Amino acid sequence: MELQTWLAFFAACWVISLSPGAGAIASMSSGLQYGFWRGYWNALGLQIGLAVQIAIVGAGVGAILTASATAFHAIKWFGVAYLVYLAIKQWRAEPMDMSDDAAVRPIGKPLALIFRGFLVNISNPKALVFMLAVLPQFINPHAPLLIQYLVIGVTMVCVDLIVMAGYTGLASKVLRLLRTPQQQKRMNRTFAGLFIGAAAFMATLRKAAA
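Mapping of the sequence shown onto my numbering: residues 563 to 772, in sequence order.
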């Protein structure tokens with residue numbers, strides 16, 4: 563991949579990652595609940611899902627999934643259902659005892675947070691369709707494809723890790739300001755509403771938009 567092409571793709575990655583979406587909401591929710599270091603496991607799961615999607619597009623399977631209405635809708639409605647599940651879980655989250663700084667954040671299981679992030683990204687057909695439309699524009703068909711997709715994958719993952727660190731860290735700082743159960747409940751329900759909003763947006767996606 564030529565340097566000029568990579569720089570254009572690098573700039574595009576920042577725009578894509580900074581755009582608010584289900585991944586950003588999940589990162590902020592994890593940071594709010596578990597703090598930065600524990601909540602950041604969610605971001606690792608997001609990157610695994612992203613890497614799988616890039617591999618799917620690189621293998622050409624993305625074109626098959628995009629052409630299949632059944633596959634598209636199956637992925638879409640699974641994603642909608644999972645975001646609704648996260649919204650319900652967030653809505654029901656109990657306020658935390660903020661009297662002891664050592665007990666501010668509950669202990670989230672790293673594997674559970676990784677799996678949560680993975681499901682958020684892998685169940686979003688919009689991301690797959692988007693990458694199928696965008697990534698080939700930065701690919702030279704006359705050069706080795708594997709190396710190019712590896713460069714693209716590493717670039718996207720690194721940029722998204724930085725952006726999701728920002729979202730997770732910002733939310734973890736906000737947590738320190740939530741001293742009363744009422745404040746925490748409002749914040750939890752705000753994130754629940756954001757998850758519902760992301761689910762509603764995903765539900766409106768149509769294969770024709772690809």
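Calculated directly from the structure, the hints in this document are not laboratory data.
For clarity, every value in this text was computed on a predicted model and none was experimentally measured.
There's no promise every hint is true.
Listed next, the in silico DSS-like pairs over lysine-lysine satisfying Cα-Cα at most 27 Å (straight line) [what the hints assert, rightly or not]:
#, residue 1, residue 2
1, 735, 747
2, 671, 747
3, 638, 651
4, 747, 651
5, 671, 651
6, 735, 638
7, 651, 735
Okay, the calculated beta carbon distance ranges per label pair [what the hints assert, rightly or not]:
#, residue 1, residue 2, range
8, 704, 736, 46 to 54 Å
9, 632, 671, 17 to 25 Å
10, 580, 736, 31 to 39 Å
11, 744, 705, 33 to 41 Å
12, 735, 709, 23 to 31 Å
13, 735, 650, 32 to 40 Å
14, 568, 739, 36 to 44 Å
15, 580, 643, 48 to 56 Å
16, 656, 568, 44 to 52 Å
Beta carbons: idealized from backbone N, C-alpha and C, even for Gly.
A quick look at each hint next to the structure:
Distance check on the hinted pair: residue 735 and residue 747 sit about 17 Å apart at the alpha-carbon level, within 27 Å; holds. Among the hinted pairs, residue 671 with residue 747 is consistent with the structure: their alpha-carbon atoms are about 22 Å apart, no more than 27 Å. Taking the CA atoms of residue 638 and residue 651, the gap is about 20 Å. The hint holds against a cut of 27 Å. Simply put, residue 747 and residue 651 have alpha-carbon atoms about 12 Å apart, close enough for the 27 Å limit, and the pair holds.
As the CA atoms of residue 671 and residue 651 are separated by approximately 16 Å, the hinted pair is consistent with the 27 Å bound. Taking the CA atoms of residue 735 and residue 638, the gap is about 33 Å. The hint is violated against a cut of 27 Å. Note on residue 651 and residue 735: the hinted pairing holds, with a Cα-Cα distance of about 21 Å set against a maximum of 27 Å. At about 49 Å, the CB distance of residue 704 to residue 736 agrees with the hint of 46 to 54 Å.
A C-beta distance of roughly 34 Å is found between residue 632 and residue 671, which places it outside the suggested range of 17 to 25 Å. The hint said 31 to 39 Å for the Cβ distance between residue 580 and residue 736, and at roughly 18 Å that hint is violated. For residue 744 paired with residue 705, a C-beta distance near 58 Å fails the hint of 33 to 41 Å. Judged by the Cβ atoms, the range 23 to 31 Å given for residue 735 and residue 709 is violated: they are separated by roughly 39 Å.
At roughly 26 Å, the beta carbons of residue 735 and residue 650 sit outside the given window of 32 to 40 Å. One distance hint, 36 to 44 Å for the beta-carbon pair residue 568 and residue 739, holds here, with the actual separation near 40 Å. The hint said 48 to 56 Å for the Cβ distance between residue 580 and residue 643, and at roughly 27 Å that hint is violated. Under the hint 44 to 52 Å, the C-beta atoms of residue 656 and residue 568, about 47 Å apart, fit the expected range.
When the structure is compared with the earlier hints, violations turn up for hints 6, 9, 10, 11, 12, 13 and 15 and for no others.
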